[in-house]
Structures are given as structure tokens and as C-alpha cells.
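Q: Top to bottom, those sequences are chains A, B, C and D.
Those letters in the first sequence? Residues 1 to 359, by the numbering used here.
Those letters in the second sequence? Residues 1 to 359, by the numbering used here.
Those letters in the third sequence? Residues 1 to 359, by the numbering used here.
Those letters in the fourth sequence? Residues 1 to 359, by the numbering used here.
In short, the hints are calculated from the structure, not lab data.
It is possible that some hints are incorrect.
[Unchecked claim] Selected chain A positions facing chain C (Cβ under 7 Å, derived; list incomplete):
{"hint": "1", "residue": "A9"}
{"hint": "2", "residue": "P31"}
{"hint": "3", "residue": "A32"}
{"hint": "4", "residue": "G33"}
{"hint": "5", "residue": "L34"}
{"hint": "6", "residue": "G78"}
{"hint": "7", "residue": "R355"}
{"hint": "8", "residue": "G356"}
{"hint": "9", "residue": "A357"}
{"hint": "10", "residue": "R358"}
{"hint": "11", "residue": "M359"}
[Stated by the list, open to error] In the DMTMM-like style, the derived pairs of lysine to aspartate or glutamate whose C-alpha atoms are separated by at most 20 Å in a straight line are:
{"hint": "12", "chain 1": "C", "residue 1": "K274", "chain 2": "D", "residue 2": "E317"}
{"hint": "13", "chain 1": "D", "residue 1": "K274", "chain 2": "C", "residue 2": "E314"}
{"hint": "14", "chain 1": "A", "residue 1": "K274", "chain 2": "B", "residue 2": "E310"}
{"hint": "15", "chain 1": "A", "residue 1": "K64", "chain 2": "A", "residue 2": "E38"}
{"hint": "16", "chain 1": "D", "residue 1": "K64", "chain 2": "D", "residue 2": "D89"}
This one's a predicted model, so the numbers in the text were calculated from it and none came from an experiment.
Backbone N, C-alpha and C define an ideal beta-carbon position, used for all residues, glycine too.
Protein chains: 4
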Amino acid sequence: MAGNIFGTAFRITTFGESHGPAIGVVIDGCPAGLFVDEAFIQSELDRRRPGQSAIVTQRKEEDKVQVLSGVFESRSTGMPIALLIYNADARSQDYSHIADKFRPSHADYTFSAKYGLRDYRGGGRSSARETAARVAAGAVAKMLLKEQGIQIRAYVSQVGDIVLEKPYPELNLDLTETNPVRCPDPDTARRMEELIRAVRKDGDTIGGVLSAVIAGVPAGWGEPVFDKFHADLGKAILSINACKGFEYGSGFAGVAMRGSAHNDAFHTDAGHIKTRTNHSGGIQGGISNGMDIYFRAAFKPVATIVQAQESVNEGGETVTVEGKGRHDPCVLPRAVPIAEAMAALVLADHCLRARGARM
Amino acid sequence: MAGNIFGTAFRITTFGESHGPAIGVVIDGCPAGLFVDEAFIQSELDRRRPGQSAIVTQRKEEDKVQVLSGVFESRSTGMPIALLIYNADARSQDYSHIADKFRPSHADYTFSAKYGLRDYRGGGRSSARETAARVAAGAVAKMLLKEQGIQIRAYVSQVGDIVLEKPYPELNLDLTETNPVRCPDPDTARRMEELIRAVRKDGDTIGGVLSAVIAGVPAGWGEPVFDKFHADLGKAILSINACKGFEYGSGFAGVAMRGSAHNDAFHTDAGHIKTRTNHSGGIQGGISNGMDIYFRAAFKPVATIVQAQESVNEGGETVTVEGKGRHDPCVLPRAVPIAEAMAALVLADHCLRARGARM
Amino acid sequence: MAGNIFGTAFRITTFGESHGPAIGVVIDGCPAGLFVDEAFIQSELDRRRPGQSAIVTQRKEEDKVQVLSGVFESRSTGMPIALLIYNADARSQDYSHIADKFRPSHADYTFSAKYGLRDYRGGGRSSARETAARVAAGAVAKMLLKEQGIQIRAYVSQVGDIVLEKPYPELNLDLTETNPVRCPDPDTARRMEELIRAVRKDGDTIGGVLSAVIAGVPAGWGEPVFDKFHADLGKAILSINACKGFEYGSGFAGVAMRGSAHNDAFHTDAGHIKTRTNHSGGIQGGISNGMDIYFRAAFKPVATIVQAQESVNEGGETVTVEGKGRHDPCVLPRAVPIAEAMAALVLADHCLRARGARM
Amino acid sequence: MAGNIFGTAFRITTFGESHGPAIGVVIDGCPAGLFVDEAFIQSELDRRRPGQSAIVTQRKEEDKVQVLSGVFESRSTGMPIALLIYNADARSQDYSHIADKFRPSHADYTFSAKYGLRDYRGGGRSSARETAARVAAGAVAKMLLKEQGIQIRAYVSQVGDIVLEKPYPELNLDLTETNPVRCPDPDTARRMEELIRAVRKDGDTIGGVLSAVIAGVPAGWGEPVFDKFHADLGKAILSINACKGFEYGSGFAGVAMRGSAHNDAFHTDAGHIKTRTNHSGGIQGGISNGMDIYFRAAFKPVATIVQAQESVNEGGETVTVEGKGRHDPCVLPRAVPIAEAMAALVLADHCLRARGARM
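With the hints as extra help, turn the sequences into a complete structure.
A: Put into C-alpha cells, the structure is as follows:
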């Protein structure tokens, strides 16, 4: 009901506020016998961590994860896996000046309208800090998927008006992690980084687009009606802070095509059924067809800016809001591990759900 | 698990295949005391019905709805509301020729891969016929929302490369239902209709974009983490057959903006807190802020075409598939009531869920 | 939320009132490839049907089931299976005299208090007629379980103060269906039947106890914490109209035992791990251990009696209620197929859930 | 799916093993604005804590609770409330001798059969230690219920063959906490305590019965079909370790009554509709009627005994198991706060669910 639980068979419950004692996640439904590598969970958190480069927020958080349950002698036991991350650098004093003010395009006003009160410190639970729990859980999902040869790779394909035009098959995705922007094209990455630096210098922020490719998913995952594979993926990605759009396969661009050009012809390749093109984005009728799954997601410019802005307070009076908190000038670089984690959670869920398809 | 249930508090279960005896839906969680107007449910089904104009499929279905339970003396009783629609024009002979063939970009192959067998008649449950159940349930949701002054209006804003450039505040949405395309701009509608006719003449199909506006939602609906209002809306819309993308508010276009331009300044207007711009699309932090909610959705060209296509059969052998079934040359006109229904279901769900927010 | 959905992986949604047009059920999550024998579904409904003997209600209902979806060429397709039963003998006039009166120990008052209105015809949805949908769905679950060698057998072990003292291993359960009471001991059955006849002659009703044995469940079904096998069974059985208690294994009688006597010693028998005694009732730590599962359930005397009773009406005024509807003098005989159906639904659910236990 | 989540609107997720680092719970769905008294949560844990008296297990656990999220300035914020309890006295060496042995009537064998591996230290998650998380969450539920004048009181009514015959209206429930057995009748309590001491001296264990009364529930809580109030209560109680039976209202004893004697006549008392008797146990048709709700639950003798027992090991070989762990000779005294907590969770859930009943 309150929406802090995600998934059906591989199900997570997250908790924690930006400036509370800790954030964390409980995974319910991870099958027993999975090798759980705590170092890998930590490495995924390190990819999302603030302060990892000059173009992300400088909040100091080590994000050290503790495994509290569900793992015995490095194997999952089938019991809930609880992962805990204590908040270290929670400077509550940073936020007292906005305790009764609504920051534009943040969740301050809507939280007050809904709950009648709110934990205003650092945005409370509406802070992107909440996504650390997603990344920790996603790391476990990734380990489960890896055993089946599935690989999820996200990257930044647009920052502001700088667009990486090449489709993913023409890119070397191994280069994604070689630059702080997480764009696999070094030249474009450099230009994106420059833009982010310039924007930050202006006390401003900028949006962008994230692309992702999932390879190795067998045909048959996803449910045919409401829980279509791409519908669940879409929800997962849209639930990430600042996400404003999701498209998969041919997406918005494909609408101008005719069916005769858009349809993906089947053929047999070395005994496997494949399609000659992949406008379907690896999903047909909501179910994976064995081809690569790929999608794009739009992220708005971060709402926290240094510039003074007009707003109102709890009493409806006009006030000026000035940004003081540490924040990202552009969420895209850090959105990469988060989007991968959310995709991994959806995949792990449908992996288990698919076990119920046949007698 | 199998994904034929949608919603949390206002929850529907749908069933039925294209060429089975009937399709239907059970609504669980409709509060008692709602006035249920069966004629309105029927009128919504009529908007989705095949054969309603020259540019949609000519399958003959009256889609006459029966209310089997949950309504007594025109009021909902709090018990499940079951709505049943018998299939009338289910010509199974039309489909025998593709019983063992996989139609390109349909769900034939993925169903076989997942289930090991499939009801091939008219696409079985992967047929868009399934959406009649959504529209019937959505009509009940609309009645619930209407009592709270909420109005959902979708329209066609793009067919192929014909784009209605005007944003919704500049349109007269009362004109949407005055033409078979369901585009509120008569001139654009005419050009769209011509394109659809031309495409159909070629035995081909074409995609498009649907836009929607929801007015009257109070601040405070939607949940802040996974079940963000727009994430649930996105999933709902993406679960509609042929949908390939979803964006809300500033969407993909907004990513090139800077935060200083994108942020929606709060001000007080006649005692109500409002925003001067609405790039947020009426949702902040996943929760409605009282402004209009608006979104766009991409629909691919229908996969069923008259032209012969290369494919494979169950045995992996190369075959030719020729379209013979009745189908839509463009799903957009009929997608309008379906998208409204899905949006209504999400809204009704979050309307009830919001009752749990405070002591 | 509104509780007309049951189960997690094998999930049913039921609908329908006693005197509405129809009742029915949608099964979501039945795996594809199950042979579905419609005649068997009908035969299970016939076991529950009113009018089948002289000691049950004489309402005339054929309870003819229609399969509306999810089955193609006698096999389940993985799509929702909708089963519909039209109400035939719904004499609404029988109930107008109690439209504003609260029958003692019925759900009339609580429905009014909860919903503000109610369908008073024949008890509406609180009527035991609702259980026909459970039996229909349970029949599908039984078919799924039968393929795995599982057999569920319930019988009547007490009516009023007539108690069948023998434990199930000393009984011939093949005799259960040979008498209208459904007690496997012919002599006890005869005495029970006489008691029921006598009670009915007095215009009164009587309660009893149902026992059940489930054979063939492999070790490993059930979840270890909240969804313990017996907890889910208990909920399922307690949700049947008139049920007041549930116990499994040693139950209430076992509390006076010492642990040294109650513990079930393990041993190996022909390569299989078994227990020498079975006070555990086939379930340890909420998970099946491969031994027989057995339980007992208490059913109160039916609330509908012919005698005049004191009560109040909607306005709180004192009134006299006189029973006129057709009703069962004792629910136990008809509770047998219903309890079996509910047990089958729990088993089918945990059968599918167990697929997620290991990598 | 894996069953570590309980509830629908007020929903908890628990985690943790007996000898892992910590156990805990996340509450999702607690409305904002509830005053959260951490001292009360701690006091409830103290009631369940091991080592509190001479007749319970002597494991040393302070069970100090930490509130990690969801509470700001002593008020719930509507965000998930995470409660954490570190394990202090987890002597893993105690259990190495049974690592590959199946203790009789424990969950050792069933866990191995289900998961293929298990955390054998102290029973892992099958340990009653898991219930501390339930009690912590239940304390929050109790605070929510207290604001509505609802009081839940459980007590021990039977230990072995010592039975407290008086029904609850004849007891002074304020005396329950005055003795270590938690029986409100001092004389009976003394005899029960003596029996427990004698049993422990024999290295044995003994079962018993718990009774509970819930006062102050308004009419209209509970759902009419599968989620009947008593069905959800029954599942909740049956999910507690060692519970073998549940009955409410007249229970098993009521089956011998006739309907004319069992029916609870309605009358009006000072403007309120009440019943003259309460065989219904405060619930009719699955919905509360405003009268006291009362139930009884059977608990078997604890499986851990000091005496040597025959069993088998993972390889199926015959072995002898000797009890060495610290354990309770009788679970009843500590079951009292646990059962109250589970009842509170069900009540809080249905309290919130009832908000959806009417327009």
C-alpha cells in the first residue's frame, strides 16, 4: 500500500531517510544456494556513492554495507537478506533553513500535503540517498542473473543537448566506466563532462538520457498482460528520482515507421530462433524473445540549485529559497548503477516468476 | 505472479481470449455506495469497440456488457463487481493457417517459448481484445473519480510523421470525439485520417503518439518510493498492447533544460498553492501536487499487416506469413479510451491508497 | 485489500452473490499444460450442490459450470481460467421480510455497519453460496495436485455430541461418500444422520467437526515464517462460513503432552526419512516433512433457524425474525468438498511457491 | 512468495537468524502522525525477552531496539519504520554438534529438504528468536490501536493438564503480569509454575493454551470472504512457533450446541446495538460486530529437550541427539506478548483496510 516494497517473487523492502541513522533493504525470495559476494555488493555501492568524482555531490558517505541475515558461509539460505548502510555524513544543520519552506520541484510540498508533516532533513526519504538500498539489493539480483549468463549495462547517452547518436551495437560498452560521466564514447564523454562542469559553475543543473542493454535473457520471461516485461521495467526505472520518461526498443522514434518496416522477421540461426532486426527491443507481447533488451530513460535536471528561487512556505507566504545542500549538477553518471540495479531487480523477479509458467 | 491482476486497493482481475466464449473483469475493492451507471460502462466500451469507424478493424463485436455482481439497486455494495462480455464474432477459421507459424512482432513465438503451447486463435490472450475488460473496469473507476471532480482526457497527438505540435492548454479537447482519429485539432485530424487510409490501402500499418491530461487530482496522491504516481501510470500505459514509450511532464524534451529553467516556482493563488510552470507534470517526488497531470505514450505500428512476410514455424523452418485477420491500420484512435481506462484505474487505486497516509 | 483474492502463486478471485445473476471465479497462475477435465469440476460442484440429499438445503441449483477462458483443447494455457455458474433458483421474494432486520448470528448487521448498505437477498455475498466458486477453483487445484500423486480427503468426524473417535488410520475413507453425512464409519454416520433429521424437525440446527487427511505431499512445501503451511491452511479453512476453529497434528489435545512423548523421532525407511509418530501432522517449522498432513475444523450450528428469534432492525428497534429461507440443518456434509477445495488451493499455491526455494 | 512479509495495509517484513548479527523488522504503511514511544517498544520486547524469569530460557539477550527510520521528532512520518535488534549472546559453539543432525520435531529436516542447506546455528531463522521482530512491530501496532481505545490482553489458560476453567469475564486480567507464568488466576498460576519447574527438572517440556481478549474494536473491521477477521487472526496466531490450533468465540466446544442456543440475539443498549450472548466471539460473517473478540490457541511442548533422542543425520544414518542449547521448558509465558503482537498487527491492518469500505 505505502509502496516501499518492490517485486513479486524476488521482493525487496527498503527503508531509511537521508539524515536518519541508516538506510537499508530486506530481500525476500532470494533462492537458497546463491553465492553471495559481499565485496561485489560493496563495489556496486561504490559506483553509486557520492564523492566519487568531481562532477557529483561531495557529500561524504562511505556507504559501507553490512549483511545482517540470510547468508551463511557465503551462500544465501532462502531467508531474507537484510543489508544495512549507516549514514555517516548527515549534517542536519544544513537543512534547518528550509524546514518550513517548499523547495521548487522537490517533494517538500507534496509530502506536507500528503502526510501533514515531514522529515525535512536533506529531503528525508525523498532524497536520492534512498537509492543506495536499491543498488545494494540490485547487486544481489545481479549475482543471481550472472549465474545465468545475463549482463546488464547502462550508460549515459545524452547530457543537456550533447547526444551520443550511435546505437549500442556500435559502441564499446567496456569504456563506460573509464570516465566520470559513464559515457562509452570518450570524446562525447569529455564534452559532457565539460558541460556538467560549466553548469555547476553557474550554480545550475542539467538533465540527460540514460541507455541500457540487457544481454542473455532467455525467451519466455515476463507476463503477458499487466506485468509485461517492459511495463515492469518501465515502472522500475520511472520510480528512480528525477526520471521523466522511459522507452524501449524503437520507442518514440518508431511510431513514424510502417508495420512492414518495423516488424522483426524471424529466422533460424544455428538452431536458434532469432529476429533479423530488433525494433521489438527483445520483448514481444510483454515476454522476452531472446534478443537483446534495450531501453532509454529521461532524467530531468536536478531540482536543487544554488541560485535563489521564489517559493512559498507551509503558511503559503512568499519566500526565497537558496540552495545550500551538497547536490549533483547532473544525476546521469550516478543514475547508471541505479538503473542497472532496478533492471536487475525486475529481471530476477521475472526469472523466478517464469518458473511457474508450465506444469 | 501471472500478472492478470492490476492495482493494490482498487484491484482488477481480467480474463478471456480473443476467440474464447467471453472476456471479463472482476473489480475487487470498489467502495460501497458508488452509483454505478451501466449505460456509462457500455458507452465507454462503445468508444473502444471494433467497427465503430472506417479506420479501425471491422471485426463485428457489440461488446455488450453484463454486470454479474457487486451492484444492488444501482449502488456498489463493496463486493466484487464482475463485468462480462461475450465474444460474438470469433471466426476461428481465420487463424488456422497460422496455427504453427510465428507472425513477426506478435506474441506467437514468445507465448510458445514460455508456455509450450498457445491458443493461436486470433492471438488468444495477446489480442488487443483483452483491453475491453480494462475499459469496462476503467469505466467504474471513472465514475468513482467523477464524484471527486476528476477528469481524464486522452487524444491522438501524432500519427506517423503527422504531429499535433500544440500543447494541450492551446487545444479544445471537446473536439477529440468529433472525428474518428480522436485528434482535437480538426485539420490535423483530417490529415491523420488520410494517412491512415493510405496506409491501409497499402496493406500496411502506422504508429503514433497519444497524449493525456488529468485535471482535478488533489495534492497528495501517489506513494513516494516505488509506487510513485507516474511510475504506476507508466506501467499501466506501457502494459497496453503496442505501447513502446511513456513520458510525463517535460519528459524526454526536458532533459536539455537547466534546473533553473525547469523548476516550477510555487506561489499562492486564491489561497491555493500552485506552480507558475508545470514541467513537473503535476507530480513531485511521486506525489500529485494539485496541478494538471499530463503524459504522452508511443504506440508502434500494428504488427498485423496484409503483406506477405518471412518467418519461421514451431519447427524452426522458414515460412511465409500472410495477414488475413481483421485488424487496425493504426491503434491510436482506439487506444484513447484504453489509455484513459488505465489511467483511471491507477487514479482510483491511489485515491483509495491515499486514505492510509495519516492517522 | 477487500479480500476476494486468495493465494499468492496460484491465485483466485471470486465474485457473486446468492441472488445475483451468477457467481464465479478467476484462477490466475495455473501453469500451462495441465489437463483440465471439465467433468471433474462439475462433479466436485455436484458434491457441494444444494438439494443432493434429504439432510441439506432444498434450494434448487444445478450449479452448471462454464469454462470461459484459459483452456484450449483441454489444456490450461497459462492464461486466467474463468469459471462461471449462473444462479437459477434465486427466489428474492423469500427475503423481503428481513430486508431491514438483522438476523441473529448472520452477517446482516456487520455488513450494514461496514458498508452502509447491503444486498439482503439471501445474505448476498455472505451466503454459503459463495463457496461454489471455491469448489470450482479447488477442482482445478486438485487436478494439478493429482498429477503429483497428492490426495486430499475430508470427512465428518463429529455432529453435535456424536463423535467418531477413531483416528484416520483406522478408518476406511473410501466409505465417506457412501452416506449423505460423509462420515466414513457407517454406524456413526447413521446416528449422525438421525440427529440431523431430529434437529431439522425441531426447526433447529447443529454444528460439528470435519477432519481431513492429505497424503503424498513431498517434504519442502510451505514457508518458514508467516506463511507456514499450517497457518495458510488454517486461514483457508477458517475463511469457510461457520468455521470456528482449526487444529492440525496433535492440536489442542497435544498440549498436555511432554516434549519427550510428543517429539516425532526420525528414522530411515527404505531410503526415505520418516518419523515414527506424527504428532507434527506432517509439518515442522511450517514446512511439510513428507508425512501425512491432517487437521480438524469446528463448524458452528447454522444461524438460520425456523424458530422465531428476538432481534433489532436497521433503526435499532426490537423485532422478531422468523426463518423462511431454505437452509442446511447442519453444514458439515457440504463442508467436506468445500474444505477439500480450500486445502487444494493452499497446496497448489505452495506447490508453485516451492519452485522458488533454490537456485 | 517467501513469506517473510505479513499484512496488507499495515505490512511488516522481518529478517534475521538466531545466531546472525541481528534481527529486525520494517513496517510499511504506518500512517503519519502517530506518536511513537520507543520506551514502549522496548517494554514489550522486555516482556518477550529470554532470561526474564526462572521458568524461561536463560539465553542472555538484552533485546535493545534501535529505531532506524520512519520516526521524526517522535512522530511517524508515513515512511517505513525499521526496528533493529542486535544479537548479543549468540554462542554458535553450542550448536556445532547438531550441524548435520536433524533434531526431532524441529525444522532442521524440513529446511534441509526445502533449501538444500541451512544455517544450523540455534535453529537459524526457525528459532523463536525471530518473534522478537514481531513483538517490536506489534508494539507500534498497539500504539496505533490504543489511540482508538482498543486493548489486547492475552494470558495463559492451560499448562499441561492444569486448566484455568473460568471464562475471561470472571477473571481479573490485571493480574496476568503479576506472575512469571502470565496466568491471571494466582492460585492456578502457582500450580502451573510448579509443573513447569518439575518438567524442566526432568529435562523435558510441556505445552499449554493461551487465551486472549480484544476489547474496543468497532463494528465493521474485517473482510467478508477470504480475509475474514478471524481467518487473518487465525493465520497470525498459527504462524507463531509451536502453535497447533486456534479457535475463536464458541470454538470447538460450540459445535455440540443447537443454533437456537448458539445464536446471539441482538438488542439495543443505550443506543448501541449489542448481542445478549457472545458465542460469535465478536465476529459475524468475518466482520467485527463491536462485542469483545476472544480466541484460544494451543501450543505444543517445545521440541528441544535435554534427554537423548533417536534421529537421523543428513546422510540418513541413525544418530543420537542430545539437547544442549538453552531453551524454554514451556513456551506459554513468552507466547503471551507474541500473540498479543500478532493480534495487534492483524487489527492495525484491518483498521486501515476498513478505510476503503465506503465512498
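Q: Which of the stated hints cannot be reconciled with the structure, identified by number in ascending sequence?
A: none
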